[in-house]
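Student: As a plain string of letters, each chain reads:
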Amino acid sequence: MLKIENLHVEVAGKPVLRGIDLTVAPGEVHAIMGPNGSGKSTLAHVIAGREGYEVTQGSVKFNGKELLALEPEARAAEGVFLAFQYPVEIPGVNNVYMLKAALNGIRKYRGLPELGAAEFLGFIKAKAKAVGLKDSLLNRPVNQGFSGGEKKRNEIFQMSVLEPLLAILDETDSGLDIDALKAVAEGVNLMRSPGRSFVVVTHYQRLLDYIVPDYVHVLAQGRIVKSGPRELALELEARGYDWLVEAAA
Amino acid sequence: MSEFIAALERAFAPGAASSPIGALRRRAFETFAARGVPSLRDEDWKYTDLSRVLAAPCALSPAATASSALPAYVDGAARLVFVNGVYSAALSAAAALPAGVTVHRFDELATRAPDTLAPLLERQATGRAGPFAALSAAFAADGVYVDVAADAAPDSPLHVVFLRTDTAEPAFSAPQLLVSAGHHSRLTLVETHAGGAGSRVSAAVTEIRLADGATVDHYRIVDEPAAASHLGNVYLQPGRDAIATSWSFVVGAGLARVDLHAELAAPGAAVVLNGLFLATGKAHVDHHVRIDHAAPHTTSAQVYKGIANDRGRGVFNGKIVVHPDAQKISATQASNNLLLSDDAEIDTKPELEIYADDVVCQHGATIGRLDDDSLFYLRARGVPRDVAEAMLSYGFADEVVAPVAVPALKAWLEARLTGAAIGREDAA
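Protein sequences, first through last, are from chains A and B.
Using our numbering, you'd call the opening residue of the first sequence number 1 and step up by one each time.
Using our numbering, you'd call the opening residue of the second sequence number 1001 and step up by one each time.
One chain only, chain A, in its complex shape (with noise of 0.2 Å):
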């Protein structure tokens, strides 16, 4: 599904990634941890086609398909989904309309007809309600006065009407006490599917008690340094970062 090789990536001339490798196969959840400062957000922001970032080398393919070529949008229309760390405030724009006007830039993409306002509506209240997103919400503007808890609510609800293949998780569990964390996880596994991959960025272990992965990947000063079982995390969390940090430098 997801196959980045070699990635190269600089900002502002300075290198951040130094030669990414990583296949990610339908169904799988791939976590990428790493201290701060690794290049876990700019690889999740690089693979979403955020400006900025000057890819030197490599590719990243997405279904035999160069995602680096294609707008945000377009890569959002092939099955993209990025969970921001930060979700952005959009003051005067509700969520609804956001979502139908993000949905239908989908659907035209893949030359499937519109849907309409009533029938847009009833698919949102029902999976505003599967996420335990509240109906007040929706029809608030885009993250303005959300609670943190609220906008990562908000950022997996959209998740789940946008329905990608890959969705790449950016320190969604930032900021976020345990029940929190623990709902923002239920709405995430209840995606999971032979067909859908996910890719979680995190700094720490605990989301990865409640979002169970396949593999876990170690990013430090721009490489993949150590990949294993989810059972590396684990060792993460008794051990830290350092002993693959001073391994890697």
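If you're looking for bench data, these hints aren't it; they were derived computationally from the structure.
Check each hint, because a few of them may be wrong.
With a cut-off of at most 30 Å between alpha-carbon atoms, the simulated DSBU-like pairs for lysine-lysine come out as follows [as the list claims (entries may be wrong)]:
id	chain 1	residue 1	chain 2	residue 2
1	A	182	A	134
2	A	108	A	129
3	B	1410	A	125
4	B	1328	B	1410
5	B	1349	B	1046
6	B	1410	A	108
7	A	61	A	134
8	B	1410	A	134
9	B	1349	B	1328
Fit chain B to the given chain A structure using the hints.
Tutor: Same frame as chain A, now just chain B:
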């Protein structure tokens, strides 16, 4: 003398010099002709070049009955409609006028009560309201004077629509809307300037005088084609404890200049001025606001927002004058602007003259671009770039649009600002 003025002079038919209105029109035209078309050397016009749009001769707009469709938001509402400056009984819905509201058309007044019309236009004829108000008074043929009875509080808005038909030749018209709100009355007024294609110049005047304790909510919409030049002049004079709220929405016109002047000469008088303009293509939109705090305990609050795209150009000039002895006044002004392209330009300038010492005056101006984080957020969700930009622009404008209390107008503005491409439908 410019060709523009010479052609108007040839078309000028003020009526008998012996009649009060004939004399006033002559005086008004002389005021304008002596002043001439302002140039960039005039401080008040330094960003707005009229030399191109007011170079060619203009004919008076031909009388017409047929017209392009009325804007959707006036459907079913009480309305007075003028086509090329002439009242259209067919398009109007005057039978449904709100209770307590009486309307007098200028051409009726000129025959029925000729002595009452001239004083109504006096301020304009003197030139104090600027050259184009004088020009408008000189040519005002069939404007409207709206009188709201004391204590009247109609619960539905009154629409006044100035439509233009498609014209092959450049055409001039002088729409006039004068309002007198009786004490403790309450009126919602929606004024629209719109219509078909064709080159044209409008010198439009709106004057709203509020007696003590009156409240007027005034929405002014300019939605003209790119070949149109709109020279608008709005004057607000609230009495003691009266509140005038005036929105200026300029969503179309090749060149639009709106001068707003509020005189706060009675204690407790307040104005709230909100504006939003959209300058796309090569449009040029200029708002010039002047507020005179001439009495203590008066209040003014302004929020103007501008969006410029393509090679659009926006200007905001906000002058607040606090006169000596106008103590305990409050004046706030915000000019927030959004540039959507590298070739767009916005100039914003606050001017404060304060001659009293116990006052609260605040002003702020911003010019920015769309937030990259927000744009990426929307695009990463699958929202196409142009739609995402329209949504964020709309979000930027929302502060001014959200409080619009005429639902049909608000819906129209939302659709207009977000663009048909998005197909916004209220989800609730």
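Student: Hint by hint, which ones does this structure get wrong, listed from lowest number up?
Tutor: As far as the earlier hints go, 4, 7 are violated by this structure, in ascending order.
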